[in-house]
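Asker: Chains A and B supply the protein sequences, listed in that same order. Going left to right, the first sequence walks through residues 1 to 412 as our numbering numbers them. Going left to right, the second sequence walks through residues 413 to 499 as our numbering numbers them.
Heads up, some of the hints might be wrong.
Reference excerpt, derived from the structure (chain B facing chain A, CB under 8 angstroms, subset only) [as the list claims (entries may be wrong)]:
1) E431
2) E433
3) I450
4) Y487
5) I491
Just so you know, the hints here were simulated from the structure itself, not pulled from any lab data. We treat Cβ as the ideally placed atom computed from N, Cα and C, and that holds for glycine.
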Amino acid sequence: MERRVVITAASAITPIGHGKKQITESLLAGKSGIIPLREDALVSRFIHSRVYGTVNYPIEYDFKRAHRKTMGPVAYYACQAAKEALEQSGLTHDFITSGKLGVSFGSIHGSPTVQRDIYNIFFEAKDKTAYQSIGAVEYLKSMVHTTAVNITKMFGITGRVVSSGTACTTGSQAIGFGYEAIKYGLQEAMLCGAADEYDTTTVAVFDNLLACSTAFNNEPHRTPRPFDKLRDGLVVGEGAGALMLEEYEFAKKRGANIIAEVIGFACNNNGGDLILPNLAGITQTLRLGVENAKISPQEVDLVSAHATATKMGDIIEAQAIGAVFGEHPFVIGLKSYIGHTMAACGAIETIMTIYMMEDGFIAPTINLEEIDERCTMVKHVQKVLAQPVKTAAIQNFAFGGVNTILLIRKPD
Amino acid sequence: MTRQEIEQEIKEIFRREFEIENPGLDDDLREKYEFDSIDAIELLLEIERMLGSELTQEEKKQAMDIRTINQICDYIERIIQARKTAA
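With the sequences and hints as input, model every part of the structure.
Answerer: Have a look at this one:
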C-alpha cells in the first residue's frame, strides 16, 4: 500500500527571520543573516572564520517549567517551531495524543551548550560533589534525540519517534522518514523537522578542515557564496524548521490547508570516504529520488541545492544536477542567506522552497556574482524571479557520505 | 529543626526550584504539579544541602514513593532522627 503524503503546516526559525512573513520578505530583499562570530570562553578566539548565520532576535517562549527543565537551547528552537506547526495544522488535541501522530525530529548532537557545561564540571571536579551534580536533566538536554522527545512530552504525542542524527542530512531525513512512515501506512501524520543551536565547536571542526569561509570576515553578508568564483567555504548557522506531514485523504477529509505534497524521497551513501563529496554517489541519489517520485527529471522546475560554497562540493553538485536534471530547472543555494544550519538545513530549505512555491517566486542565490566556470552546466538564479514552481527538489549531503533528495509538488 | 521550619524550608525550595507556589500539604505533587522523578532527584540534592549531610543510596530510594509535602516533611524528620540516633 502506498499512500499520498501532504504538508499542511510549516514554520521556521532562521537567521533571516521567524515564520513565513519575515523569511519571505528577507528572501525577496536578498537579506543575509550572516553576522560576526560571537566571542565565547572556549574556542572562538582561535577560529579563523569570523562569521556565523545567527538567529539575532528575541523569541518569546511560553513554555512552563515542567517542559523547560529538560530543554537545552536546541530543544527550545525545536519545540517553538513544532508548536507553531501544530497550531497552524489545526489538528485536534485528541488526534495529537491518539498515537496516530508521530515525531521525526533531530539535531546533529543534542545540545553542545549543555555538553560543554558537563565537560566543565568534569574537568574542574575537585571532589565527588562535582560528579554528583551531573543528573538526568543534563542528559535529557544534551542527548541526540532531545528535540524529538521534548516535543512528544510538550504536546503529549504518543506515536512513533524517529530521530535521525546524520549531521547535515538530519532534517531532510526527518522529513523523508516521516514521509515513508505515512506512505506505508505506519502513521496518519508525522511532525517532522530538525534544529541546531549556536555552537562554535562546529565552526572549529570545519575551520580545521579548511572548509570554512575566512575571506569575508569583515563583510559577513558577502559570504557564503555558492557557485561563485570567489567562494571560499561554508558559514555555520543555527535555526529550526518544523513541518506537519499528513496522509492525503485524512488531510482532505478534515479540510486541512494543503501547502505542498511530498512526492518522493531518496537516501543513499557514497560507500567510502566520509568527508569528500562524491559525484557518483550524489548523482545516484538524484536519480533514485526521481525514480521514487515516479516523475521524469524534466518535471522538476526548481532545485534547492545543498550548495555549501565549498570549493569542491559545489562543482560536484552542479555536475550531478546537470547530469540528472539537465539545464531545465532553476538552481538556487539558500545557504547564501542563512549559512549552513547543520541538522536544520534540510527542514529550513524545504520550508523556504514551499514559501516560494506558495507565493510564485524564486529567490536568487545571493553573493553569486561571477559563476565559477566549473559550475555553469546548470541554470543559476541571480535575481528574484516571478516564476511559478510546480515541482521542486531539495538536496542535502552530509559528513559520513550520506546523501538525500526530497521532491515536493505544489497542490493543484 | 522543628516541623514548621522544615515545612517552610521545603515550600521555599518548591517556590525557588520548581516554580510551585504554596502547595497544599496533602496535594498529590505528581497529579497537581507534574512533579516527576527528575524533580525528585533535584529535591534530594536540596534536602542534602538543607541537612548539611549526604543521603545514603538506601535513604534516596525510600524517597521515591513520596507524593505530598507532608510526606516530604515526615521523610526529613525520620532522616534527622536517624542521624541523631547514629550520633
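Asker: Would you mind marking each hint as holding or not holding in the structure?
Answerer: Hint check:
no.: 1; hint: E431; verdict: holds (4 angstroms)
no.: 2; hint: E433; verdict: violated (12 angstroms)
no.: 3; hint: I450; verdict: holds (5 angstroms)
no.: 4; hint: Y487; verdict: violated (19 angstroms)
no.: 5; hint: I491; verdict: violated (17 angstroms)
Figure legend: structure checked against the earlier numbered hints; hints not met, in rising order: 2, 4, 5.
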